[in-house]
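Visitor: Spelled out, the chains give:
Number of protein chains: 2
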Amino acid sequence: MNCILLPVENFSANTAKINDVVQVDHVNNILGAKVGDTLKIGQLGGNLGTAVIEDIAADSIQLYDVQLAITPPAKLDLTVVLALPRPKVLRRLIMDMTALGVRDIVLVNSYRTQKSYWQSPLLERLDEFVLEGLQQGVDTIAPRITLQKRFKPFVEDTLTSLVSNQAIVAHPYAEQSFSEFRQLDTTLELPSLVCIGAEGGWIDYEIALLAAHGCTPVHIGPRILRTEAAVNVMLGQWLL
Amino acid sequence: MNCILLPVENFSANTAKINDVVQVDHVNNILGAKVGDTLKIGQLGGNLGTAVIEDIAADSIQLYDVQLAITPPAKLDLTVVLALPRPKVLRRLIMDMTALGVRDIVLVNSYRTQKSYWQSPLLERLDEFVLEGLQQGVDTIAPRITLQKRFKPFVEDTLTSLVSNQAIVAHPYAEQSFSEFRQLDTTLELPSLVCIGAEGGWIDYEIALLAAHGCTPVHIGPRILRTEAAVNVMLGQWLL
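Sequence order for the protein chains is P and E. 151 is the number that our numbering gives to position 151 of the first sequence; each next residue is one higher, with no gaps. 112 is the number that our numbering gives to position 112 of the second sequence; each next residue is one higher, with no gaps.
In case anyone wonders, no lab produced these hints; they're calculated from the structure. Do not take every clue at face value.
Just so you know, same-sequence chains aren't split out, so a pair can sit in one copy or run between any two.
[As the list claims (entries may be wrong)] Under the rule of at most 20 Å between Cα atoms (straight-line distance), these lysine to any residue pairs were calculated in the SDA-like manner: (1) K88 to R112; (2) K40 to S120; (3) K75 to S179; (4) K152 to S60; (5) K115 to T15; (6) K88 to E132; (7) K75 to H219; (8) K40 to P222; (9) K149 to R112; (10) K115 to L31; (11) K88 to F129; (12) K34 to D127; (13) K40 to E199; (14) K115 to I30; (15) K115 to S161; (16) K152 to I203; (17) K17 to S120; (18) K88 to E228; (19) K75 to D59; (20) K88 to Q183; (21) K34 to P217; (22) K149 to G49; (23) K152 to T38; (24) K152 to L188; (25) K75 to I224; (26) K152 to N2; (27) K75 to E132; (28) K88 to I30; (29) K40 to D157.
No experiment lies behind these values; they were computed from the predicted model shown.
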């Protein structure tokens with residue numbers, strides 16, 4: 001937690017209060033902060049800044065001298081279409097994509113997505129994972145997350161409307177590498193949409209359908225990475 | 001597991017056997033492979049290739065027609081000096097760095113490394129995590145892993161001998177970004193050594209000592225990432 005994000009209703013004039021148990025615990029036990037200390041805070045959907053601790057109670061912390069003058073970092077001009085992964089890795093993937101600044105996330109069904117993944121109670125907790133990601137990445141603007149339980153209608157009816165310039169699909173068995181693809185693009189712009197499979201990747205039918213709708217298959221070399229690692233390796237190109 | 005790596009003693013002429021319980025379970029229950037099916041295999045420290053299943057017993061699988069003609073992908077010309085992280089994330093970090101092809105890994109003490117981390121039983125299981133990483137990344141050559149429990153003597157006496165060209169240390173509060181650093185380097189070579197902190201990063205003293213021994217501090221933008229995410233984002237530059 002590199003900043004503490006509070007909803008707008010927790011602010012009043014130049015004071016604010018922390019009443020989320022995880023955040024209160026973080027201030028007390030991880031930061032070990034005391035009355036008079038300055039905290040890095042932010043307003044969800046608003047600015048970043050600082051505030052000073054006025055009072056620490058068992059379940060809430062009162063802040064004063066709230067200063068919110070720093071605009072959050074720009075979002076990446078990027079939509080990530082991710083095959084819904086195992087619930088175990090969903091939390092970290094949402095956190096990481098949020099911390100990286102992805103603007104739009106589409107969780108889509110795929111052949112290798114087990115049906116049970118769509119029943120996972122973790123899908124009800126996406127807001128929580130987004131908050132963790134924002135507090136990690138020091139941002140206040142949540143990504144838009146959409147669930148698409150049907151692959152074919154999504155690709156055929158919706159996908160192309162999401163692409164503002166180029167689109168790619170990560171595929172270890174593609175003929176072209178991501179860097180070859182980028183060298184061919186004379187605009188030097190990064191793609192605005194990236195499709196990434198879950199464990200086991202996309203099947204040939206899915207690659208063909210995505211390719212038919214404007215997504216160029218690209219690989220990142222002979223090494224096959226875990227979904228989490230692949231997401232960070234690929235999206236790192238937008239940061240660096 | 002994108003290939004099954006076996007130690008040299010499991011091979012004999014053009015046959016081989018799988019007798020590791022995790023690997024046997026993977027073939028039976030994840031791949032659902034049967035007698036006559038071809039598996040992607042490799043010899044630890046040797047080549048990659050294929051073999052055909054001859055027989056499946058409760059605790060071992062016999063292979064024939066072993067063909068090991070594919071050389072493993074080149075290692076990255078890279079040493080990663082990583083502040084020893086929490087045991088919980090150590091496994092994934094070792095797996096990912098191995099899958100990415102890092103040649104040398106140094107786990108070093110840092111101010112924010114808790115003493116208890118050095119007592120973790122997971123440090124006895126690094127070979128297991130390396131094997132997982134190799135089988136994920138489809139490689140056969142393990143990275144060299146060194147433990148350095150004392151930060152100052154390591155930096156002062158050993159670090160410079162590990163640097164063959166440039167070295168950097170990842171630091172969110174550095175003045176220069178990684179991409180600015182790369183643009184300044186007229187050789188266009190990537191650094192051969194990267195230092196990455198654990199949760200909470202390096203303290204100023206550590207940054208100063210690393211800088212005094214040839215490591216340029218660089219940031220990757222305003223967003224602060226989890227150690228795992230930062231490792232993959234940074235090292236992705238060597239893949240892409």
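Visitor: Are the CA atoms of K115 and T15 at most 20 Å apart within a copy, between copies, both, or neither?
Guide: For K115 and T15, the Cα distance exceeds 20 Å both inside one copy (47 Å) and across copies (39 Å).
Visitor: How would you label the pair K34, D127 (within, between, both, or neither) given a Cα cut-off of 20 Å?
Guide: Cα proximity of K34 and D127: none, with 29 Å in one copy and 43 Å across.
Visitor: Between copies, within a copy, both or neither: which fits K152 and I203 at Cα up to 20 Å?
Guide: So K152 and I203 pass the 20 Å test inside one copy only (13 Å; across, 50 Å).
Visitor: 20 Å Cα cut-off: does K149 pair with R112 within a copy, between copies, both or neither?
Guide: Answer is within; shortest intra-copy Cα gap is 13 Å, inter-copy 43 Å.
Visitor: Quick one: K88 to Q183, C-alpha cut-off 20 Å, is that within a copy, between copies, both, or neither?
Guide: Neither. Shortest intra-copy (36 Å) and inter-copy (39 Å) distances fail the 20 Å Cα cut-off.
Visitor: As a check of your reading, is K115 near S161 (CA-CA no more than 20 Å) within one copy, between copies, both or neither?
Guide: neither (27 Å within a copy, 53 Å between copies)
Visitor: Please sort K34 with P217 into within, between, both or neither, judging by C-alpha distance up to 20 Å.
Guide: Neither way: K34 and P217 sit 53 Å apart in one copy and 31 Å across, limit 20 Å.
Visitor: Check K88 against E132 for me: Cα-Cα at most 20 Å, and say if that holds within a copy, between copies, both or neither.
Guide: both (16 Å within a copy, 18 Å between copies)
Visitor: Between the shortest in-copy and the shortest cross-copy C-alpha distance, which are at most 20 Å for K152 and T38: within, between, both, or neither?
Guide: neither (51 Å within a copy, 31 Å between copies)
Visitor: Checking an output row: K152 and L188, CA cutoff 20 Å. Within, between, both or neither?
Guide: neither (30 Å within a copy, 43 Å between copies)
Visitor: Have a look at K40 and P222 and pick one of within, between, both or neither, based on CA distance no larger than 20 Å.
Guide: Answer is between: at 14 Å across copies they meet the 20 Å cutoff, but 42 Å inside does not.
Visitor: When no copy is specified for K75 and I224, does a C-alpha distance of 20 Å or less occur within a copy, between copies, both, or neither?
Guide: between (28 Å within a copy, 14 Å between copies)
Against the hints set out earlier in the document, violations occur for numbers 2, 4, 5, 12, 15, 17, 19, 20, 21, 22, 23, 24, 26 and 29.
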